[in-house]
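Residue numbers (my numbering), protein chains in the order written: chain A, 1 to 142; chain B, 1001 to 1142; chain C, 2001 to 2415; chain D, 3001 to 3415.
No wet-lab data here; the hints were simulated from the structure.
Hints may contain errors.
To be verified - Straight-line distance between alpha carbons at most 27 Å, and here's what the computed BS3-like set of lysine-lysine pairs gives: (1) D/K3172 to C/K2267; (2) D/K3267 to B/K1022; (3) D/K3263 to B/K1134; (4) A/K133 to C/K2220; (5) C/K2120 to D/K3267; (6) A/K56 to C/K2263; (7) D/K3172 to C/K2142; (8) A/K134 to C/K2245; (9) D/K3263 to C/K2120; (10) A/K134 to A/K85; (11) C/K2080 to A/K89; (12) C/K2326 to C/K2027; (13) D/K3267 to C/K2117; (14) D/K3145 to C/K2142; (15) A/K22 to C/K2263; (16) A/K134 to C/K2326; (17) B/K1134 to D/K3414; (18) C/K2080 to A/K107; (19) D/K3120 to C/K2263; (20) D/K3172 to A/K107; (21) A/K133 to C/K2263; (22) A/K56 to A/K133; (23) D/K3263 to B/K1089; (24) B/K1022 to D/K3414; (25) D/K3267 to C/K2170; (26) D/K3142 to C/K2145; (27) C/K2245 to A/K107; (28) B/K1079 to B/K1020; (29) D/K3142 to C/K2172; (30) C/K2120 to A/K89; (31) B/K1020 to C/K2414; (32) A/K85 to A/K133; (33) D/K3142 to C/K2267.
What follows is each chain in one-letter form.
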Amino acid sequence: MSDDIYREIILDHYRNPRNKGKMPNADVSIHDSNPLCGDEIDIHMKIEDDKIRDIKFEGRGCAISQASASMLTEMVMNKQLTSVKDLTKDDILENIGLTNLGPARIKCALLSLKVLKLGMVKYYADRDPTSAKKLAEDSRAL
Amino acid sequence: MSDDIYREIILDHYRNPRNKGKMPNADVSIHDSNPLCGDEIDIHMKIEDDKIRDIKFEGRGCAISQASASMLTEMVMNKQLTSVKDLTKDDILENIGLTNLGPARIKCALLSLKVLKLGMVKYYADRDPTSAKKLAEDSRAL
Amino acid sequence: MMQKGLLNVKKIRKDFPILKRQLDSGKPLIYLDNAATTQKPLAVINAIHDYYMNYNSNIHRAVHQLAEEATAAYESTRQKVAKFINARSTDEIVFTRNTTEAINLVAYAWGRANIGKGDKIVITEIEHHSNIVPWQILTQEKGAKLEYIGVDDSGYLKMDQYQKHLDSKKVKLVSVSQMSNVLGTITPVNDIIKMSHERGIPVLIDGAQSVPHMPVDVQKMDCDFLAFSAHKMLGPTGVGILYVKREILENMPPFIGGGDMIKEVHKYETRYNDLPYKFEGGTPNIADVIGFAAAIDYLNNIGMDRVRDHEIDITRYALDRIGGVKGVTIYGPPNPMDRGGVVSFNIGDIHPHDLATIMNDHGIAIRSGHHCAQVLMERLDVAATSRASFYIYNTKEEVDALIGALDEARRLFKI
Amino acid sequence: MMQKGLLNVKKIRKDFPILKRQLDSGKPLIYLDNAATTQKPLAVINAIHDYYMNYNSNIHRAVHQLAEEATAAYESTRQKVAKFINARSTDEIVFTRNTTEAINLVAYAWGRANIGKGDKIVITEIEHHSNIVPWQILTQEKGAKLEYIGVDDSGYLKMDQYQKHLDSKKVKLVSVSQMSNVLGTITPVNDIIKMSHERGIPVLIDGAQSVPHMPVDVQKMDCDFLAFSAHKMLGPTGVGILYVKREILENMPPFIGGGDMIKEVHKYETRYNDLPYKFEGGTPNIADVIGFAAAIDYLNNIGMDRVRDHEIDITRYALDRIGGVKGVTIYGPPNPMDRGGVVSFNIGDIHPHDLATIMNDHGIAIRSGHHCAQVLMERLDVAATSRASFYIYNTKEEVDALIGALDEARRLFKI
Ligand SMILES: Cc1ncc(COP(=O)(O)O)c(C=O)c1O
Ligand SMILES: Cc1ncc(COP(=O)(O)O)c(C=O)c1O
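Same shape as in the complex, but just chain A (with noise of 0.2 Å):
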């Protein structure tokens, strides 16, 4: 099973993550962490008209939440918010090809789509309570 898990592509996003670093003047930052194991991810994004024109992370953890970080940030990468905001765990987990995680490593797969919602929430807190509500139900099933 972790020759499944641990291939070239994550080893390599994990050891040379893109987009990863601070953003002095984000719109949007926004922290969180996996209980389970004490991962941390930051999110930086700069926002105009509703598209992510900017994203960086910063974090620390096991491969499979970096190399996470990392690929979402390539995803989302200058992509229109009302695409971003309904991405799901499945789409999360094929992008980065890992579909067999059992409970506890799925946490892990997942804390940095969290955390962008979480983000999410913050930018439109005001701007759309509606999907602000919504974004925050999701992040808290993930």
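Let chain A serve as the given structure and place chains B, C and D with the ligands on it in line with the hints.
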């Protein structure tokens, strides 16, 4: 088994308790209750020359605790404290003729002895701290 | 899978191994002490056994297979509990040791943050010590006041007194048991909650006696807190449940600090965990929480409506039979529809403790004493009562045996 | 009945049914997560089973036979616990849910009565969250200060820092774990207690890791409080123990209010129960307390000295073997005599969580993460570690299997 417990003499002491009542100017008054069943006993004593000149009890509870208290007052009335001090659990159980009680009911039978010992702790506190300490230990073990 | 109609008690009894027990008296066990704790069906006993034999592990914090299995089973109990009382979300279900700890959790975490000098907490004269002492401690600490709703001679709450307390405008919490463990009284919690919510006052329901014996729906009832114990509803000892509405739980400071209830600990500050984990510090009682799921399954399979019907039936019979014995006083509402399967009584001047000893000679387990309700005992002006309490496995024949033993007690005490 | 010489591990393993478990990977279980919770011998599992099958009842408050049997068994565990740690009296033994609740009990009941503004509580950088968070909550509430004794690079406490804290004269409590659950460090509790008592300061010992793994004598050590968990020493989940010196316990206000901890409840005041019942509110975890007695019997039968010797032996071997793997860093004291059977390590840039997943493929259960010791993680400047922890049933062959899995991890991660 209940036939052996609820004999004539127990019921008689339960329904016609000896030495029951208040004692306005007692030298020692003490109260305790059995946390198991809520049975309560107060003991009042007049003590002269280390002798129990008078003893009364108040209380409410089961036939065993109340009959046992009644019989205990008869047993120690006009006795020297030196002899009362060392009364044991077995002395009481033999006196009331109940040597086959289960652990819960034994507590009922011994409540009045416990209170009597606590009363003597109070009496001896300044006069004879060593005896007071021993009596406190004894009462705790009842 | 829910069954219909009257309970098949004979079949149910087969699921409870202890009911085959022969006692020292040579008599078979007649267990009428269910309000104190119930017996456990084999399914519950086996669930605990299976956990320790096959997948015992600490939970939440490890990725090995045993930990994943144990975590999944533990959390699936939380889902079953949420569904059983119709909570909106598992976030609202906190596991404690028992009802007592659940109520104390509210008193410490919510109470110390929300009760101040001069505030009032309203409880009733029928409460169990577990729903009195925590409020005494809290009100004494805060300079607040504890107020009681009285109970009338038939065991009903004096709702006019409740109204008066509410009118005083100082009430910050109402805490009431839904079923008295002594009188059996089923209290009008819907009215109590409605009246209280009209004034924005939250209500805690002590469900220790109600949740095991009748359908309870937290959304319909709309209570803010509900506390109950697994061991009184076929489950293991060591598991209590605290339901709290999410809006309230989200704003509650933590109670027990330690492992599992935190997200990040730094030297001088801590970020607490998500709901409901924030309120479950330290290694939980994993095996017994898992065992409790089997108890819920068992009750669901019978159906709580049918549990209630069975108890009304046997309680009506017991009230009739016990009430017919010379010298007996029965406490609580005369109508079996207004009460749970609990019958408290006294007979002549026989002290309940003595009566219980005589019962024990006949293999009958009843409870005697103040039932952790001394305030009610003072109100009833008795030191103690005898209490027979029923559950799904009890029969009318067992009530008959109780009557036989009562006659024997009358003979011994010459009543 | 105490045995002599090395443990007969083969024989011991037969007493633990779970060790025969086949996992999803097709591999047999190699359980190296004992610091989190240990497995249970059949004797413990059966004791719980027997209780529910034969004498399940609420305790203390009834006279029927089941209640008497259950009460006697429950209280006999208290006697065994008192003897196991050499307490003077059963009055000094309070049952809680776990170590965490035991420490919180002290923080709430003793702490709130004895800690004031400007006072200091001293703990260490190696503490488990359970011995940090309660003191953070307490010191924040009271305007008191939390101070840390540092740990050096080999995992030893910096005793000069301790001396300095004591010299500041504001210290009102010292709370230290006797064995680190991450580094394995056995701390110099005798010195710590002596130094502290010279200034009249009480000391709490977190014995969660020490009591299960070495002889602990509260009278010799002279600690004021000792907390530990049954589930880490072959016992069931849901049982913790708090030992408190009687002089201190006698003056402590209560913690959990409710049934069983009272003597007399009146409407507005309450007389609390005798020790130790005053601190056990509500229906206890009866079955598991009774089950714990079988765990103590089992350990006594082996002898705690021999448990310790076995762990020194296997830990020495594990330190050697794991230390020999390329890219490995081991944390904690190098000398196995100074540490318990816990080996925390990292290998290359493999995150412990990933390593645990790879281990799981081999049937090996290890723990990964911060081990509820984030303050220590910050000190070590790591996010997490992998941890293998041993008990009486572990073998050197299991350590060999761990090494094999480490090699596999190095292959996958190309280290
Ligand atoms: C040193 C130490 N203290 C406290 C605890 C907490 O124990 P529990 O989770 O049983 O409360 C642990 C267990 O992980 C521990 O290792
Ligand atoms: C009405 C009521 N509340 C609270 C309790 C306390 O339950 P536990 O002892 O499980 O905490 C009981 C049980 O005796 C009860 O009957």
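Hint check:
Our distance criterion of 27 Å between C-alpha atoms is met by D/K3172 and C/K2267, whose separation comes to about 19 Å. For a cut-off of 27 Å, the pair hint linking D/K3267 to B/K1022 stands: about 25 Å separates their Cα positions. As the CA atoms of D/K3263 and B/K1134 are separated by approximately 23 Å, the hinted pair is consistent with the 27 Å bound. Distance check on the hinted pair: A/K133 and C/K2220 sit about 24 Å apart at the alpha-carbon level, within 27 Å; holds.
The suggested pairing of C/K2120 with D/K3267 holds, with an alpha-carbon distance near 14 Å, which does not exceed 27 Å. The hinted pair formed by A/K56 and C/K2263 meets the criterion: a straight-line CA distance of about 23 Å does not exceed 27 Å. Proposed proximity of D/K3172 and C/K2142 is supported: the alpha carbons are some 25 Å apart, at most 27 Å. Under the criterion of a C-alpha separation no larger than 27 Å, the hint pairing A/K134 with C/K2245 is consistent with the structure, at around 19 Å.
Only pairs whose Cα atoms come within 27 Å are accepted, and D/K3263 paired with C/K2120 is accepted, the gap being roughly 25 Å. A hinted pair counts as satisfied when its Cα atoms are at most 27 Å apart, and A/K134 with A/K85 qualifies at roughly 9 Å. Of the pairs offered as hints, the one joining C/K2080 and A/K89 holds, with about 24 Å between alpha carbons and a cut-off of 27 Å not exceeded. Between C/K2326 and C/K2027, the direct Cα distance comes to roughly 25 Å. Compliance with the 27 Å bound is thereby established for this hinted pair.
A C-alpha spacing of about 19 Å is found between D/K3267 and C/K2117, which places the hinted pair at or below 27 Å, so the restraint holds. Under the criterion of a C-alpha separation no larger than 27 Å, the hint pairing D/K3145 with C/K2142 is consistent with the structure, at around 24 Å. For the proposed pair A/K22 and C/K2263, the alpha carbon gap of about 23 Å is at most 27 Å, so the pair holds. Under the criterion of a C-alpha separation no larger than 27 Å, the hint pairing A/K134 with C/K2326 is inconsistent with the structure, at around 66 Å.
With a C-alpha separation of about 73 Å, the suggested pair B/K1134 and D/K3414 falls outside the 27 Å cut-off, and the hint is violated. Using a Cα cut-off of 27 Å, the hinted pair C/K2080 and A/K107 holds, with the two alpha carbons roughly 22 Å apart. Distance hint between D/K3120 and C/K2263 is fulfilled; the C-alpha atoms sit about 25 Å from each other, no more than 27 Å. Proximity of D/K3172 to A/K107 is assessed by CA-CA distance (about 42 Å); at most 27 Å being required, the pair is judged violated.
At most 27 Å may separate the alpha-carbon atoms for a hinted pair to count; A/K133 and C/K2263 meet this at roughly 23 Å. Taking the CA atoms of A/K56 and A/K133, the gap is near 24 Å; set against the 27 Å cutoff, the hint holds. A C-alpha spacing of about 22 Å is found between D/K3263 and B/K1089, which places the hinted pair at or below 27 Å, so the restraint holds. Distance check on the hinted pair: B/K1022 and D/K3414 sit about 89 Å apart at the alpha-carbon level, beyond 27 Å; violated.
Taking the CA atoms of D/K3267 and C/K2170, the gap is near 19 Å; set against the 27 Å cutoff, the hint holds. For a cut-off of 27 Å, the pair hint linking D/K3142 to C/K2145 stands: about 24 Å separates their Cα positions. Of the pairs offered as hints, the one joining C/K2245 and A/K107 holds, with about 26 Å between alpha carbons and a cut-off of 27 Å not exceeded. Distance restraint check for B/K1079 and B/K1020: the Cα-Cα separation of roughly 18 Å lies within the 27 Å cut-off, and the hinted pair is therefore satisfied.
This hinted pair checks out: D/K3142 and C/K2172 have alpha carbons roughly 25 Å apart, not beyond 27 Å. Restraint check for C/K2120 and A/K89: the C-alpha separation of about 48 Å exceeds 27 Å, so the hint is violated. Annotation: proposed proximity of B/K1020 to C/K2414 holds, straight-line Cα distance about 23 Å (limit 27 Å). A distance of roughly 12 Å separates the Cα atoms of A/K85 and A/K133; the hinted pair therefore holds under the 27 Å criterion.
For a cut-off of 27 Å, the pair hint linking D/K3142 to C/K2267 stands: about 17 Å separates their Cα positions.
When held up to the earlier numbered hints, the structure conflicts with 16, 17, 20, 24, 30 and fits the remainder.
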